[in-house]
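K.L.:
Take the given structure of chain A and dock chain B with the ligand to it, following the hints.
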Amino acid sequence: MDKLLDSDDEVMLRDAARGFLDENAPITAFRANRDAGRPFDPGLWAEMARMGWAGVLVPEESGGADMGHRAAGILSEEMGKTLAATPFISSAVIAATALRETGSDRLAEISGGDALYALAIDEHVKHAPTRTALEARQTGNAFRLSGRKCFVADGSTANRLLVLARTSGADGEDQGLTLFDIGADRAGLSRATANSIDARDFATLDFDNVDATGDDVVGDVDNGLAALAPALRTGQAALAAELGGLSSGIAAITLGYLKERKQFDRTIGSFQALQHRAAHLFAEIEVTASAIANAGRVLDADPETAQVAVSLAKARASQTAKLAVMEGVQMHGGIGMTDEYDAGFFMKRARVGTEWLGDYGHHAAIVAAARGV
Amino acid sequence: MSDNLESFRSDITAWIAGNLPSELQGIARNEETICWGGRNWRFASDAQRLWLEHCHAKGLTCPRWPTEYGGGGLSRDEEKIFREEMLNAGAPSPLESFGIWMLGPALLKFGTPEQKAEHLPDITAGRIRWCQGYSEPGAGSDLANVQTKAEDMGDHWRVNGQKIWTSYADKADKIFALVRTDRDAPKHLGISFMLIDMQTPGVSTKPIRLISGASPFCETFFDNVKVPKDGAIVGEQNRGWDVAKYLLTHEREMIGGGGGGLLSGSTLADMIGTMDADAAADPVIRAEAMELEVDAMAFALTMERYRDMAEAGQGVGHASAMLKYYGTELNKRRHEIIMSARGSDALDWDAGFAANWLRTKANSIEGGTSEVMLDIISKRVLDLPSK
Ligand SMILES: Cc1cc2nc3c(=O)[nH]c(=O)nc-3n(C[C@H](O)[C@H](O)[C@H](O)COP(=O)(O)OP(=O)(O)OC[C@H]3O[C@@H](n4cnc5c(N)ncnc54)[C@H](O)[C@@H]3O)c2cc1C
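Residue numbers (our numbering), protein chains in the order written: chain A, 1 to 373; chain B, 1001 to 1387.
Mixed in with the good hints, there may be bad ones.
Here's a subset of chain B near chain A, in silico, CB distances under 10 Å, partners left out [claimed, not checked]:
#, residue
1, Ala1287
2, Met1290
3, Leu1301
4, Thr1302
5, Met1303
6, Glu1304
7, Arg1307
8, Met1309
9, Tyr1325
10, Glu1329
11, Glu1371
12, Ile1376
13, Val1381
14, Leu1382
15, Pro1385
Hints in this document: simulated from the structure, not taken from any laboratory.
No experiment lies behind these values; they were computed from the predicted model shown.
Every residue, glycine too, gets a C-beta built ideally from N, C-alpha and C.
In isolation and in its complexed conformation, chain A is listed as follows:
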């Protein structure tokens, strides 16, 4: 297998991404979006699409850059550092992977940045794909979708939806699920935007007899989890990478503060109590970075077997992000609690990112089961 290092191309990609984000999507841009009540900046996303980011996982014949999962992870990580808000994970990662399996012609719209997808999957407070009750009643080649999805990331800004619905079986069963790819403007669909703590977009979607046909089905009827699983894995890996970047981002800000703030006539970073907290955080971030790099590596080499590697990355990244933001705020003292300072943005995004696509317990259980626990 490949080494756990960035290749020369990946180093270039990372440097280019960092340069672009520092200039075009610094944390001040995130703050401006938040203040304007705008979950992301469409102009920025169009720019990213021009650079090939929206098509990072789209094949070249559909206009994509097809750079692979390590590359997607690198982009996501860099975006995490500056809290760049984009539909990257929903569209460029999750939807691109799901539709790639079926060779959909929507792929070109994804890589062009025009198709904005959201994945409508969860119906309860915890991520659990099999706990799908939203019903798709079938008559011949026609389906009618009724039910509710919650915590749909990018759900109110999306123009397309991937919806996991039940075509047979009962809530909790892994068979009998079907994945649909539909326009977000279909009759019978209503969307309620949440007042999200991280100032991004998530929504509750109500389906009231929304029409679909066999053409809208991704993969096979009643076997939707098979179609969805690869896409979920890539989304989880990219989200882990984002959380890894977020952790490094807040850690860097905190280190800067430790070197600058003075109390008792000393720089607070000279207090051993704080040095050891910072050093411990460094260790956790380094260990998590290995799991993230490995998830990208395994997804590129052997996607079918990648779940444990991906869950390891998502589990670790969730814990590390939690630690990084808590330590970040604590070591800033009062200023860390103010809205004017950025630390809180990291804390709120970390909480949302931890919950999305499976939290620590969800993924740790997958890893532990593979290790016989």
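P.N.:
Chain B with the ligand only, in chain A's frame:
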């Protein structure tokens, strides 16, 4: 390249199968089964002796060292494959020693051609067993405070002083010791790295008993010990601190490496063995075990990533303190879980769990404490100020 590696893999697999004495296959690693070598070594069995001889003849006691010193001259990828196949075959390490882990790497970097030729072949063959004379009663974390002194007597050094916590000093043939050769210089600049034969008159040892019941380490006394000058000092006189620090990075990686379960390749489930139903149903034990597996897997990948970085010439340097810190704390957690998963079964010495559990408590002390590792990270890696 990968074709070559594949054929290397099949060759080495066949070689192990053809040379590993069957009675050693799957043998547990513990004080009774480890082969340390040395002048007075008594092999636990003929099989242990044969296995060492076979491996040494093929350079596999020190797979990456140059062949001229009895090493295997393997690349890192080959070494990795060799270790994987040893694990797959249930083959024990043919030889373990402070010479392999610590002194050898330091000699390869700082030794003269004569010093290498004199000492490295004895290490790879397991003929000489070394111990480490760093710590003293007044020089633990503050290692540069060593006071054992070596005075220049013309053709020899006269050494006086005391070391402590010298692991296996009573069984070792030679010691690599930090001694003060200039009392007037600043403390880091008056130390030399000296090689001393433990049979020299004036060297004596006194075992110290540990909480695990074993007494693997000693106080070591030097009383007017005459050390011939020729080849005694590794690196420059008074610059032994550089050698000492370099050696410590190897020692730390080695100790930290235990944390990923890499050395044994075992999962927690393997190590716990048959778990009592009540313990298995305990949600706290289970949760701790799950968390440990997540961290252990991520840590194993971190060892791999850091080796990749080192191989690619991206200096890992002081960040190796992170491996030492994380790996040892992880290992302590692991053994706490094993003890609680085995419950009262584990409380009998004879069950074998307790001694290992107690031994791991030293992991975060030996080779530099966790607090010292955190200091190194904060000062050298994160560049935090001292005032
Ligand atoms: C099993 C075992 C095997 C060993 N084998 C060898 C060997 O073969 N050869 C050898 O030379 N030595 C050996 N040692 C010794 C080991 O290197 C020392 O024990 C270690 O360096 C700590 O020194 P100390 O025991 O004097 O503790 P101290 O340095 O006195 O530390 C006591 C406590 O104070 C803390 N502390 C010290 N300084 C600081 C600081 N600046 N900031 C914050 N906290 C601090 C420490 O972390 C520790 O918690 C061995 C030790 C053990 C346990």
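K.L.:
State for each hint whether it applies.
P.N.:
Hint by hint, here is what the structure shows:
no., hint, result
1, Ala1287, "holds (9 Å)"
2, Met1290, "holds (4 Å)"
3, Leu1301, "holds (4 Å)"
4, Thr1302, "holds (4 Å)"
5, Met1303, "holds (8 Å)"
6, Glu1304, "holds (6 Å)"
7, Arg1307, "holds (9 Å)"
8, Met1309, "holds (6 Å)"
9, Tyr1325, "holds (6 Å)"
10, Glu1329, "holds (9 Å)"
11, Glu1371, "holds (7 Å)"
12, Ile1376, "holds (8 Å)"
13, Val1381, "holds (7 Å)"
14, Leu1382, "holds (6 Å)"
15, Pro1385, "holds (5 Å)"
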